[in-house]
Structures are given as structure tokens and as C-alpha cells.
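Asks: All chains should be built: construct the whole structure from the sequences, respecting the hints.
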Amino acid sequence: MTNSSPNALSLSHRILAILSRLNLVAGAFILLLLIAGFIARNWVFTALGVRPPEGNESLILGMRAIMVAGLAAVAMVHWILSRLLAMVHTVRIGDPFVAENAERLKEIAWAVLGLEVLHAGIAAIAGSVSTPAIPLDIRWSFNLTRWLTVLLLFVLARVFEQGTVMREDLEGTV
Amino acid sequence: MPIKINLDDILYERRLTLTELSEKVDITLANLSILKTGKARAIRFSTLEAICEALQCQPGDILEFTPASRARKASGGR
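Quick mapping for you: the protein sequence lines, in order, are chains A and B.
Sequential numbering from 0 applies to the first sequence in the numbering used here.
Sequential numbering from 14 applies to the second sequence in the numbering used here.
Hints listed in this document are in silico derivations from the structure and should not be mistaken for laboratory results.
If you're wondering where the values come from, they're calculated on a predicted model, not measured in any experiment.
Any given hint could turn out to be false.
Claimed, not checked - Computed Cβ-Cβ distance ranges for the label pairs, DEER-style:
id : chain 1 : residue 1 : chain 2 : residue 2 : range
1  : B       : 52        : A       : 67        : 53 to 63 Å
2  : A       : 8         : B       : 46        : 26 to 36 Å
3  : A       : 169       : B       : 42        : 11 to 21 Å
4  : A       : 68        : B       : 46        : 41 to 51 Å
To be verified - Computed list of chain B residues with no C-beta within reach of chain A, every gap over 12 Å:
id : residue
5  : 30
6  : 32
7  : 33
8  : 36
9  : 65
The C-beta atom is built at its ideal place from N, Cα and C for all residues, glycine as well.
Replies: In C-alpha cells, the structure reads:
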């Protein structure tokens, strides 16, 4: 093994930790926007480009729904990043083939699948409330790579599960 | 476990210690100790071959099958 591996791991750990914090900051910002939208409705939605806010009730409702979906996405991303961080930690301590990591990979796969579904949902909301005067430009298109990633994650989780069982067997072999 | 390891008896007969066997077969003392105490879950053919070679014996001299029911009786039904 080269010396670059521990460095790469350390770098991955740092990047994931930074991304995790940035994600939480994004979540706090969305939450703040959602709350502010109730307290100072006209000011917030005018700033977001809904002019005038009156008469655009369905658009405002749609935008609020998108914000809630955004919060759900932040929670899912946090779920993914925290599990990835835990996995990187097991690699760092030299024991990655554990049953917990197989479970973590499976959870990541479900979360990525959830994100993809959420993305489609957000695009559907945007499409239904968007008007020619105030268009909400959030589109969704079928992306084979993303769905393949989900599939790959499920397969990897199964491989990990098998690998863990095999390692347990090997541990008792002399 | 129904498989009993008789390594201790063979070692006694050959007047050898586990450390000496470990040096002869190039298997760590820790692994041989696991085998001797019956804590191993599996044994490689290569390990068995090396031990048989070093102790000039047959696999059957080292491994002994005792049906679980008989083993329980021998230990007083515990």
C-alpha cells in the first residue's frame, strides 16, 4: 500500500465533514426562508421574484412545498454523509469489513433513491404551479446514471454483507 | 463441538512443545494455540498437511469426531 492512501482517506474525511456542515447550513437557510415566508410573506416572496404576491397563492403554496421538500432533501443528504463518514472512519481504523458498513451502504442506497424520487416530486410541483409570467425553472429528466448508482449501491451493500460473512469465517480459520 | 483436536496428545508423544511445532510448520503460535484449544472454526488443508508432516502422523491422529450426544454424556449431560 502506498503512503497516499492514508492521506486520501484523511482528505475524504475532511471533505465529507465540510460537505456535511455546508448541507446543514443550507438546511438552516431553507428553514429560515420558510419561516420568514410566513412572518413577512410579501417581502420574502417579492424578493424571490413573485410580483405581486397577491393573486399568486398557488405559486406561493408550491414554493413552500418545494422548501419543505428541500428540507427533506437536506435530511437525506445528511443521512448519506453521516453514514459515509462512519464508513471512512472504519477504513481509517483498518476494519471496514463489518456488518454495520453493509447496513450503512444499504441505507445510503435507499436515501439516494429517496433523493431521486424527491427530485421528481419537486419538479412536478414546480411544473404544476409555474406560470408563464413567473416561471419556476426546476426540471426533472430521467437520468440513467443516477438510477444505475442506486442499483450499484444495493449490489455493493450485498457484496459487503457477503464479504463480512466470509471474513468472519476466515477469522476462525487456521 | 463434535470435532476434538488431539494436538496436545500427539505433541506429548513426540516430546514437542507448541512453540517448537510453530517453528517447524511456520504457523504462528497464536493460531496453533487457537487450534489446540478447539477454538478454530476451520482448518486449511495446507495447515493440516504441515502439521502432519512435522509430527509424522495422519490427520485422523489430530482430529477426532465425537457425536454431540456422546460428548454431552461424557461431560455429564451439561
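Asks: Find the nearest Cβ of chain A to the Cβ of residue 33 of chain B and say whether that gap is larger than 12 Å.
Replies: Fine: 17 Å to the nearest Cβ keeps residue 33 of chain B off the interface.
Asks: Confirm or reject the claim that residue 52 of chain B and residue 67 of chain A have a C-beta distance inside 53 to 63 Å.
Replies: holds (55 Å)
Asks: Okay, residue 169 of chain A versus residue 42 of chain B on CB: inside 11 to 21 Å?
Replies: holds (19 Å)
Asks: Is the distance from the Cβ of residue 68 of chain A to the Cβ of residue 46 of chain B consistent with 41 to 51 Å?
Replies: Violated - the Cβ-Cβ distance for residue 68 of chain A and residue 46 of chain B, about 59 Å, lies outside 41 to 51 Å.
Asks: Confirm or reject: residue 36 of chain B is not an interface residue toward chain A, with every Cβ-Cβ distance exceeding 12 Å.
Replies: Label holds. Min Cβ-Cβ 16 Å, cutoff 12 Å.
Asks: The output says residue 65 of chain B does not contact chain A. Does that hold with a beta carbon cutoff of 12 Å?
Replies: Residue 65 of chain B is indeed farther than 12 Å from all Cβ atoms of chain A, at 14 Å.
Asks: Does the claim that residue 32 of chain B lies off the interface hold, with its Cβ farther than 12 Å from every Cβ of chain A?
Replies: At about 16 Å from chain A, residue 32 of chain B clears the 12 Å cut-off, so the statement holds.
Asks: Would the least Cβ to Cβ distance between residue 30 of chain B and chain A come out above 12 Å?
Replies: holds (18 Å)
Asks: At the C-beta level, are residue 8 of chain A and residue 46 of chain B separated by a distance inside 26 to 36 Å?
Replies: holds (34 Å)
In terms of the numbered hints stated before, the structure departs from hint 4 and from no other.
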